[in-house]
Each structure stands twice: as structure tokens, then as C-alpha cells.
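*Asks:* Here are the chains, one letter per residue:
Number of protein chains: 2
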Amino acid sequence: MAEDTLYDIVVHNGIVLTVNGEFDVFRKGLVCIADGTLKRVEDRANSEPLPAASQVIDAAGGIIMPGLVNSHTHVPMSLFRGLADDLPLTDWLNDHIFKAETQWLNPESVHVGTLLSCAEMLLSGTTTFCDGYFFEDAVAAAVIESGMRAVLAQGIIDFPAPGVPDPQENVTKAAQFIETWQGKSTLITPGLFCHSPYTCSEETLRKARKVADEKDTLFQIHVAETKGELREIEERHGTTPVQYLDRIGILNERTLLVHAIWVNDADIACMAERYVSISVATESEMKLASGVAPIPEFLENGLSVGIGTDSCASNNNLDMFQEIDTSAKLHKVKRGDPTVMDARQVLTLATRGGAEAIGLGEQVGSLEVGKKADLIIIDTHKPHLTPLYDPVSHLVYAASGSDVRDVIIDGRLTVKDRMVLSFNLEPIIESVQDLARQIAS
Amino acid sequence: MAEDTLYDIVVHNGIVLTVNGEFDVFRKGLVCIADGTLKRVEDRANSEPLPAASQVIDAAGGIIMPGLVNSHTHVPMSLFRGLADDLPLTDWLNDHIFKAETQWLNPESVHVGTLLSCAEMLLSGTTTFCDGYFFEDAVAAAVIESGMRAVLAQGIIDFPAPGVPDPQENVTKAAQFIETWQGKSTLITPGLFCHSPYTCSEETLRKARKVADEKDTLFQIHVAETKGELREIEERHGTTPVQYLDRIGILNERTLLVHAIWVNDADIACMAERYVSISVATESEMKLASGVAPIPEFLENGLSVGIGTDSCASNNNLDMFQEIDTSAKLHKVKRGDPTVMDARQVLTLATRGGAEAIGLGEQVGSLEVGKKADLIIIDTHKPHLTPLYDPVSHLVYAASGSDVRDVIIDGRLTVKDRMVLSFNLEPIIESVQDLARQIAS
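If you're matching them up, the sequences are chains A and B in order. Adding 46 to a residue's 1-based position in the first sequence gives its number in my numbering. Adding 46 to a residue's 1-based position in the second sequence gives its number in my numbering.
Bound-form chain A, shown alone (with noise of 0.2 Å):
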């Protein structure tokens, strides 16, 4: 850009992680936005003035970083969050989370759901999300209202489900809500969600892969998430998930698969073979006792790999800072090897790993120019963030949503000194908690 360039935003006075392929880091950082994009990423230069801004940001001396992309969510299922746990899977499904839905969900009731989602995300610094859920156009006009960006999909099951009583147009309905958001604004890009190879037959998942490679998005599909699946996968097909939807033709590049927890070595040799992504969500896998998927080996194949919260009825937040510590830490023990899952490994899955991983990865989860201004700022003026010798240490080890102080998302500001700018976040926690008092009673 020329010398008058007015930017719409210059955020500076803070370390810029870029996360680019070379880890660049700029100690005395500059990022200058307009038009929603990174026009400058770089080192200021010590006698060089401000460029002229529209706004400019002082990050006093804090992180400037990539937003991070939770790469599996349910958004709406905030509103169920923490009430049931300490259960095994399937009474937690079937007693629990299943009657609530049935009950309580409706478009109304979602998006209240979706915002107060988004409230917390913006609030831990993720900027982009990947979801598939039930009313998903309820969802997606909360999503613009928040000013987030997401992959958003509705689900295909095979049973009656919220807002789709009868299971024979669930893929119809999903191509539909493709047909709807498809093109319709910058922040959203619609996709597919098949929940699983074991409530979905082999025709439906046939069916949707097609409407998924007609529409050119992305084909989400929990697999393998417990050993309990991986039984049942094997009975009724005679090999493992993973291999299942191979041979029925499910997987290719434009593929996401959730948890891929009870996976073998010739199951990772096929996913590397048709360059699936794969999405993990470490802390819900635990609580609910699935079992650890093997990320270092991913990574060891090449495959790429996204970090997810999953619903905060799980996990039970949307955290992604927590997320990626307790990711590192637990391939660490698991393997007796501090060494695995380094810093700066875990920061990359949860940033432009995830923008990789959903399909975005050209778009978001760096800090390149012509990139998207999705970004962050990270208040390291606290106790527990000093003193600072290694700002991605701090970031993976230390930090926590809650240091989060800015939020840009599309050249927009959304969150300034911890307050969402984007929406009025008190009435949607009253209308929450009235929800909440007749859910419990």
C-alpha cells in the first residue's frame, strides 16, 4: 500500500506470533488491517512513525496472535452444560443430554444457545469454529449477529431428531442449509455433519458424501470415538470404523474426522492415504473416559490435525487455552516422553492446524498478509504470566482464556478490554438462565 494509506485498524507495542511455516515472531510487532485483511505483519522499525489508522490498538506490551480455531464444537449445548456428568457415555446420552434436546431445543432456544457460545469463545480468543448441531440456521444467524467466523453444518442421524422429525430428509435438510448459507456472507462457510458410521446407514452416508463433493464442503463425521463403536463397527461390517468408510467411500481430502480415538496403524496408513483431517477434542475425550487419540502419531504421518472443545456439555467449556495445555501435557505422560507435543507444536494444531483441518486454512490461522485480520491480544500483565522468557510457552502452559483482552475477527473489533462489542451479551445470560430454571425443574 502507498505511504497515505489510512488503515481501518494498526495494532502495535506487543510480540506478533505469526504462526506462519517459519514461526516468525516479531518482538516489536506491527499488524496493520483493512478491508478485513492483513495488509502489514512485521517488526517496526525503532525512529518509524505510526502508520495513519482509522483505529489504532496499543497492546501495552502483550501477545498479538492468530485467533484460535476450535476445530469440534456443538454450540448450542451450552445450554446443557454441567447438567449431567460423571457418567458413563451412553447414560449420559440417553438420560440425559438426548431428553433435553428432544425437549428443549427449538430455533428460539438455539440461538440464545449459539450467542451465549459465542460470548465465551470470543471471550478465550477463538475466532473461528468448526460445528454441526440440530436448527443450524438458527445458529448461523447468531454466528453473523456475534461477528465469529465457522464452518457450520446440520446434522444427519438417522433417528427423529430436533427439527427434523422424519430421519428420510435429514440429508435434504443438510443440502438445503448448504444451498442457504452457501455464498451468503464472508463468516460463514456451510458444510456437512454426519453424526457417526453407527446412527447413520451406509446409504445415507453415501448420500451425503455426495451432496458434500457436489457442493465442494467439507464431510465432518465423528468415528471411533470408543472402543464400544469400534465392537459394534466390527460386528455389523466386519473391519474398523476408519476402514468401514473407506470402503463405502466416505473419505477424501474434503474430510473431517472427530476423535478418531480407536484407530490402528493400518486405519492411520488409510486416513494418510486419503488425506482426511482429523479434528481431536483432548479434554471432553477424557472426562467422558473415550480413550486418548494418538495425535503425535497423526502428526508422525503427516496427517493434519485440528484441536476442538467439543460441547461445552462435555468438557464443560469452550476454553481452547486449556485445551491445548492439557492436550500437550497428557501426550507427554502417555508416552513417558516430555518431549512430545512441544509448544510450539500444540499452538500451531490450535491455530492454522485447525484453519488447515477445517478447510479455512487459506483463508485464517496465521498472521500472513493477505490473510483474513483474525487476531488477538494477550493482556501478560498478571502474576501468573511473569515474568515472560518465552512468550508460546506462556501461551500453551500458562495462560488461559481468560488473559484474552482484544478480539479482531474479519478487520472487526469484537472484543475490547474483555467486553463483547458485537451483541448485547446481558439479555442473552437472562434469557439462558430462565431456560436453565425450567430445564432443571
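Honestly, I wouldn't trust all of these hints.
Subject to a maximum C-alpha distance of 35 Å in a straight line, what follows is the list of computed DSBU-like cross-link-like pairs (lysine-lysine) [claimed, not checked]:
{"no.": "1", "chain 1": "A", "residue 1": "Lys428", "chain 2": "B", "residue 2": "Lys256"}
{"no.": "2", "chain 1": "A", "residue 1": "Lys230", "chain 2": "A", "residue 2": "Lys462"}
{"no.": "3", "chain 1": "A", "residue 1": "Lys256", "chain 2": "A", "residue 2": "Lys145"}
{"no.": "4", "chain 1": "B", "residue 1": "Lys145", "chain 2": "A", "residue 2": "Lys428"}
{"no.": "5", "chain 1": "A", "residue 1": "Lys273", "chain 2": "B", "residue 2": "Lys380"}
{"no.": "6", "chain 1": "A", "residue 1": "Lys145", "chain 2": "B", "residue 2": "Lys74"}
{"no.": "7", "chain 1": "B", "residue 1": "Lys428", "chain 2": "A", "residue 2": "Lys380"}
{"no.": "8", "chain 1": "A", "residue 1": "Lys145", "chain 2": "B", "residue 2": "Lys145"}
{"no.": "9", "chain 1": "A", "residue 1": "Lys273", "chain 2": "B", "residue 2": "Lys273"}
{"no.": "10", "chain 1": "B", "residue 1": "Lys380", "chain 2": "A", "residue 2": "Lys380"}
{"no.": "11", "chain 1": "A", "residue 1": "Lys428", "chain 2": "B", "residue 2": "Lys462"}
{"no.": "12", "chain 1": "B", "residue 1": "Lys428", "chain 2": "A", "residue 2": "Lys462"}
{"no.": "13", "chain 1": "B", "residue 1": "Lys85", "chain 2": "B", "residue 2": "Lys74"}
If you anchor each label on the Cβ, the simulated ranges turn out as follows [said to hold, decoys possible]:
{"no.": "14", "chain 1": "A", "residue 1": "Ala312", "chain 2": "B", "residue 2": "Asn152", "range": "38 to 46 Å"}
{"no.": "15", "chain 1": "B", "residue 1": "Glu299", "chain 2": "A", "residue 2": "Glu476", "range": "46 to 54 Å"}
{"no.": "16", "chain 1": "B", "residue 1": "Ile294", "chain 2": "A", "residue 2": "Glu346", "range": "24 to 32 Å"}
{"no.": "17", "chain 1": "B", "residue 1": "Asp383", "chain 2": "A", "residue 2": "Arg293", "range": "29 to 37 Å"}
{"no.": "18", "chain 1": "A", "residue 1": "Gly382", "chain 2": "B", "residue 2": "Phe69", "range": "33 to 41 Å"}
{"no.": "19", "chain 1": "A", "residue 1": "Glu346", "chain 2": "B", "residue 2": "Arg464", "range": "41 to 49 Å"}
{"no.": "20", "chain 1": "A", "residue 1": "Asp311", "chain 2": "B", "residue 2": "Glu278", "range": "32 to 40 Å"}
{"no.": "21", "chain 1": "A", "residue 1": "Ala106", "chain 2": "B", "residue 2": "Ala486", "range": "52 to 60 Å"}
Worth flagging that the hints you see were computed from the coordinates, not collected in a lab. In this text, a Cβ means the ideal position worked out from N, Cα and C, and glycines have one as well.
Could you slot chain B onto chain A? The hints should help.
*Replies:* Chain B only, in chain A's frame:
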């Protein structure tokens, strides 16, 4: 107390979690404090006016609970937070931590490092901690300044150590520390800390045990932390670390075994027979890939267990809320059973259990009439704590230290609206930053 009593502090308008033996919860809770002690802990009757008090604190619908007890720390090591990560334990210790300690520790640096850690602990809801380190007199002075409660011990190791160049004097110096601080402050309970069975000789351990018995203080020791230690002790002494300590008469009911990861059934039976207590530091043990201490098995054998953070050189923060969340989840996934380590049990370990483990069970750890007035107030009016079905679930699975609003210790308000009142934090942060610049260069 008579009806015309003027309390020092009255706290109301919150959910009181007593964490007493019955785990009583008062939804419309009232806590009255006088002379540093809890005088009333109950549900407030509908029509009852607030009791008269010098200070009335409105919990604004949040949670009022016992302050957290961190049962294992080395608080001055906040100076080295993030100095080195993702390394094998021996490289991390020998190449980084021991070197930094030798060069940079002195009473002044220990003083500021301690106050930094105290600020971090206060702001994340810890009111009592159990520490062992060097220059512990400087730690004690800083702890009194901070207004926190602590069991403190001068470390014993058979090498030249910071402040103890001649290891022949290690037990004598530790005994002097006890003499100096015993009975001096209601906040400080002195104890003894032998580093480990592989860094202290049998003679040192026996001498230290004798001092602890004579002074009637807690005897802390790191034990069975790594597989390497297990092998080393087995080679040297022909038995496990725990059984070696038992053989030489170290284990009794005033012993706190720290880590206790590499223990077998016979070790656990021995620990139960001797009524020792245990402190587990889950996150640090995960990060260093030391292993997983069998907390559920300890509890099944009736052992007293506390949760600690270890130092923030290996964790890398002192947030007990994150610690209990991770501890609960780790044992669920390790056992493949989501019912293990439920929220109530884990919260108890971090409060009453920890207090009992470090010998302060009669004073703190629960909100019961007659105990010390150590309590914290959690601000639940936040997206990630909305809605609120079950306060215990939220505290373990959704909250983090930054949700702590107010802290009272020994009847004194030490944190109000997230501001530390007991000392001036800003110069401490600046001093540590200055020191860190020297350490880094």
C-alpha cells in the same frame, strides 16, 4: 453469639459450599466471621435481617466456598516460569533449573518470587499452601506480608544448596527454621522437607525424621517420582522407594509423600498402615512425563490425599482450578471409567482433603463453625459459568482461577474485586521482570 454481636465480616447472597463431612450446600448462604474465625455458616432465613457487621460482602449470587489448599509448591520458582520446557527431567533440572537456582537465588530474589506466587495463588483462590525450598526464612516473611496461610519448610539435600553451602549443616539449618517460626504467626506452620530418598542419605533422613518428631512437625519428601528413581533405589537398597523409607523409620502419620507415582500394591498397603499423607501434582507430573499417581487407589485404601501444583517452573501456573479439572479427567481416561474422581470428590481433595494431608485439617479446608475464616467467592456471572445447574460441576469442570472475585484469609479480606489488598503487587512484578531480563541474558 448473642444477637447484638457485631461481626467483623458478613458474607451473603451466594451459594455456600461448606465441603464439610456431609457436603452441606446452603443455596441462600450466610457466613459470619469474627476474630478470624467462622461463627455462623448457614442458610439465611427469608425474613431475617443481615446480622450487624463491620463489613458486609454481597456475593452477588456467586459461590462462597473454602479457600483452596495447594499441598505442594516451591513458591520462589515463579522466577523461572517458562525458562525451559518440553525437555527430559534430568536435562531440565541439571542444565536449566539447578543452574538458575545456583546463580540467582538469594533472600531478596526469593522474597519477590514468593510474593509473585502469593499474588497468583490469591488471585486464583488458594488460601493455604505447603512449601519446601531454600532461603525459606525469606519465604516465610513474604508469606506473612501476603496474608496467606502456609506450611513452610527449609529444604534438606546432601549437596551444596542455595544458602546452605555445607550440606553437613542441612538438617541443622532446617531445625533452626522450625525454631524460628514455631508459634510466631497464626499464618505460618513450619515443617521439614527432605528432597528425596536419592538425594538424601539414610543418615540425613533419620536425623531429619528425629527433628520432625521432636518438634511435632510435618515431614515432607518427594518419593517415587520417576521410573529412574525406582530403578536407582531398587539397585541401591533392594526395595522400592516407599518401602525403603519405611524400613529406615521415616513413615508415620506426620509424613507427606509427594508424587508417589511409581508405587505398587505393597507400597500402598505400607503407606496405609503408616497413615502417611500424599500430595499429587498432576499437571507437573504430566508435563515432565513422570507418570500418573494412582489417586483413586490411594483413596480406596483410605489414604489422605492433597492436590498440589508443584512449582510454576514445571506446570506452569499455580491455578488449582485447572489442576483439579485435569486430575479428574486424567483418571477417568486412565481407568476408562467416567465415574471415577467425580466432581465432589475432587473438590474435596483440593480443600478439606488437602488441609488434612498437610496437618491443618482442624483449622481450615471447610466452612464450619469454629474453623479459621479462609474462604473465597466465585463470580459466576460469566458466559462460561452460565447456566448454573450444579455449582460443584462448574468449579471442577468449567471454572478457572480468574473467576475468583474475593478472598478472605484468617478473617481478613486479602483480595477484593480481583485486586490484591494485602501488599503492593506492581513493584513485585517490576522487580521480577528486571531479574528475568538478567537471567535471560
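*Asks:* Quick check on a hinted range of 41 to 49 Å for Glu346 of chain A and Arg464 of chain B, using CB atoms only.
*Replies:* holds, 43 Å
*Asks:* Assess, step by step, whether the Cα of Lys428 of chain A is no farther than 35 Å from the Cα of Lys462 of chain B, and give holds or violated.
*Replies:* holds, 16 Å
*Asks:* Could you grab the alpha-carbon distance between Lys428 of chain A and Lys256 of chain B and see if it respects the 35 Å cut-off?
*Replies:* violated, 42 Å
*Asks:* Could you grab the alpha-carbon distance between Lys428 of chain B and Lys462 of chain A and see if it respects the 35 Å cut-off?
*Replies:* Answer holds: Lys428 of chain B to Lys462 of chain A is near 16 Å, not above 35 Å.
*Asks:* How does the Cβ-Cβ distance of Asp383 of chain B and Arg293 of chain A compare with 29 to 37 Å: does it lie in that range?
*Replies:* holds, 33 Å
*Asks:* For the pair Ile294 of chain B and Glu346 of chain A, does the Cβ-Cβ distance stay inside 24 to 32 Å?
*Replies:* With Cβ atoms ~46 Å apart, the hint is violated.
*Asks:* Given the hint that Lys273 of chain A pairs with Lys380 of chain B, test it: the Cα-Cα distance must not exceed 35 Å.
*Replies:* holds, 14 Å
*Asks:* Does Lys230 of chain A pair with Lys462 of chain A here, judged by a C-alpha cut-off of 35 Å?
*Replies:* holds, 27 Å
*Asks:* Quick one, are Lys256 of chain A and Lys145 of chain A close enough, alpha carbons at most 35 Å?
*Replies:* holds, 31 Å
*Asks:* Quick one, are Lys85 of chain B and Lys74 of chain B close enough, alpha carbons at most 35 Å?
*Replies:* holds, 17 Å
*Asks:* Is 46 to 54 Å a correct range for the gap between the Cβ atoms of Glu299 of chain B and Glu476 of chain A?
*Replies:* Cβ of Glu299 of chain B to Cβ of Glu476 of chain A: about 52 Å, so the range 46 to 54 Å holds.
*Asks:* Is the Cα-Cα distance between Lys428 of chain B and Lys380 of chain A 35 Å or less?
*Replies:* Holds, because 34 Å separates the two Cα atoms, which is no more than 35 Å.
Hint check: violations occur at hints 1, 8, 14, 16 and 21; the rest are consistent with the structure.
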